[in-house]
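Asker: Read off the chains here:
Number of protein chains: 2
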Amino acid sequence: MKESLGPKVVAMPSPVWVVASYNADGQPDMMTVAWGGICCPAPPCVAISVQQSRLTYSNILQQQAFTINTPSVQHIAATDYVGIVSGKNTDKFSVTGLTPVASEIVNAPYIQEFSLALECSLIHTVDLGLHTQFIGEILDVKADAEILGQNGISAARLVKPLISSAADRAYYACGEYLGQTYNIGLNFLDEN
Amino acid sequence: MKESLGPKVVAMPSPVWVVASYNADGQPDMMTVAWGGICCPAPPCVAISVQQSRLTYSNILQQQAFTINTPSVQHIAATDYVGIVSGKNTDKFSVTGLTPVASEIVNAPYIQEFSLALECSLIHTVDLGLHTQFIGEILDVKADAEILGQNGISAARLVKPLISSAADRAYYACGEYLGQTYNIGLNFLDEN
Numbered sequence: 413m414k415e416s417l418g419p420k421v422v423a424m425p426s427p428v429w430v431v432a433s434y435n436a437d438g439q440p441d442m443m444t445v446a447w448g449g450i451c452c453p454a455p456p457c458v459a460i461s462v463q464q465s466r467l468t469y470s471n472i473l474q475q476q477a478f479t480i481n482t483p484s485v486q487h488i489a490a491t492d493y494v495g496i497v498s499g500k501n502t503d504k505f506s507v508t509g510l511t512p513v514a515s516e517i518v519n520a521p522y523i524q525e526f527s528l529a530l531e532c533s534l535i536h537t538v539d540l541g542l543h544t545q546f547i548g549e550i551l552d553v554k555a556d557a558e559i560l561g562q563n564g565i566s567a568a569r570l571v572k573p574l575i576s577s578a579a580d581r582a583y584y585a586c587g588e589y590l591g592q593t594y595n596i597g598l599n600f601l602d603e604n
Numbered sequence: 413m414k415e416s417l418g419p420k421v422v423a424m425p426s427p428v429w430v431v432a433s434y435n436a437d438g439q440p441d442m443m444t445v446a447w448g449g450i451c452c453p454a455p456p457c458v459a460i461s462v463q464q465s466r467l468t469y470s471n472i473l474q475q476q477a478f479t480i481n482t483p484s485v486q487h488i489a490a491t492d493y494v495g496i497v498s499g500k501n502t503d504k505f506s507v508t509g510l511t512p513v514a515s516e517i518v519n520a521p522y523i524q525e526f527s528l529a530l531e532c533s534l535i536h537t538v539d540l541g542l543h544t545q546f547i548g549e550i551l552d553v554k555a556d557a558e559i560l561g562q563n564g565i566s567a568a569r570l571v572k573p574l575i576s577s578a579a580d581r582a583y584y585a586c587g588e589y590l591g592q593t594y595n596i597g598l599n600f601l602d603e604n
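As given, the protein sequences belong to chains A and B, one line each in that order. Positions in the first sequence are counted from 1; adding 412 to them yields the working numbering. Positions in the second sequence are counted from 1; adding 412 to them yields the working numbering.
Only chain A is shown next, with the shape it has when bound in the complex (with noise of 0.2 Å):
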């Protein structure tokens, strides 16, 4: 017999992104999200919910664009930093030591120390209440070598990204490697 919680978004686990953007001056901003997922493979797209007093929320609007920047664990103090502070009246990559690098592809910087980063342009906006989804389209990723295992792909196991939970407003490491998807289902299969 379950309990019932009431309306809560316990949903888990959540990714722990955190989106640069540029202000009207062409400042470099970024801030943290945790909600927010991959929306469409074709063509490719992430959604990211923004409150809309953020600052964030008027840079994407504005420029049309965002990067997705993966923090591994060893960010984690900065990558929390960033999601208590406003970019209103602070620099924060001036206080977290963070590098912004202007992509060539989006108008929006992407963050160098990170090892893995999605250039976006802005396709759907959808208004949900206190929050506003913004989708966009990926439109290249960025990411370094020592994260490229086999045939250049980006393993979660090199990458390290940290995890979200909003029931326990807590972060977690990405844990063990447990198998590959459409795969683990096979055996099961096999022993029914």
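One thing to keep in mind: the hints can contain errors.
One copy or two, either will do: identical chains are not told apart, so a pair holds if it fits within one copy or between any two.
What the hints assert, rightly or not - In the EDC-like style, the derived pairs of lysine to aspartate or glutamate whose C-alpha atoms are separated by at most 16 Å in a straight line are:
no., residue 1, residue 2
1, K572, E588
2, K500, E516
3, K414, E525
4, K500, E549
5, K572, D503
6, K500, E558
7, K414, D556
8, K414, E558
Hints are computed from structural coordinates only; laboratory data are not their basis.
Assemble chain B onto chain A, guided by the hints.
Answerer: Same frame as chain A, but now just chain B:
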């Protein structure tokens, strides 16, 4: 110097959720999705993306409802299996031994054996290309008592959710607890 990988959905991490729905005859079906995420806290909303050829696609449009069920690590084989086969010609509940429970809140079943379920009413449909994004408002959350920690909160370290990575098509476990959000960054501030 980062390498360019081209436009690919290599964002990570992704969730592993089993979406359950009824078909036109009221038969329960389920499929695994990795492409989705929380998208708004108020109203509480979650997004999933489904290919138009899937039975789940027509079920959700017909019933205007679905549930998101969170498999734990021990459910990995059944979870992968329900992502491989189609409900059009297979009774996935029968094959896996999982049990559909009729939601009293939305016209969809949830899965008894999974510890955390979100009951969702469809509020937005966003056609993106190969996949369509369904945004559901979470009307209630059902949880097993054993995943509820302090203050009735469902902690990820108790749920043990699966994590997927689109780039390397792999499943991972949720790893070690690293700390609380909006907290680790305060330590970072102190250091600077």
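Asker: My question is about K414 and E525: at a cut-off of 16 Å on alpha-carbon distance, are they close within one copy, between copies, both, or neither?
Answerer: between (44 Å within a copy, 10 Å between copies)
Asker: With 16 Å as the alpha-carbon cut-off, assign the pair K414 and D556 to within, between, both or neither.
Answerer: between (45 Å within a copy, 5 Å between copies)
Asker: Give the relationship of K500 and E549 under a CA distance limit of 16 Å: within one copy only, between copies only, both, or neither.
Answerer: So K500 and E549 fail the 16 Å test inside a copy (26 Å) and across (31 Å) alike.
Asker: Is it within, between, both, or neither for K572 and D503, if the alpha carbons may be no more than 16 Å apart?
Answerer: Classified as neither; 26 Å inside a copy, 37 Å across copies.
Asker: Is it within, between, both or neither when you check K500 against E558 at 16 Å Cα-Cα?
Answerer: So K500 and E558 fail the 16 Å test inside a copy (34 Å) and across (43 Å) alike.
Asker: 16 Å Cα cut-off: does K414 pair with E558 within a copy, between copies, both or neither?
Answerer: between (45 Å within a copy, 10 Å between copies)
Asker: What label fits K500 with E516 when the C-alpha limit is 16 Å: within, between, both, or neither?
Answerer: For K500 and E516, the Cα distance exceeds 16 Å both inside one copy (25 Å) and across copies (45 Å).
Asker: Could you place K572 and E588 in one of the four classes (within, between, both, neither) given a Cα distance threshold of 16 Å?
Answerer: Both, since 11 Å and 12 Å are each at most 16 Å.
The earlier numbered hints that this structure contradicts are 2, 4, 5, 6.
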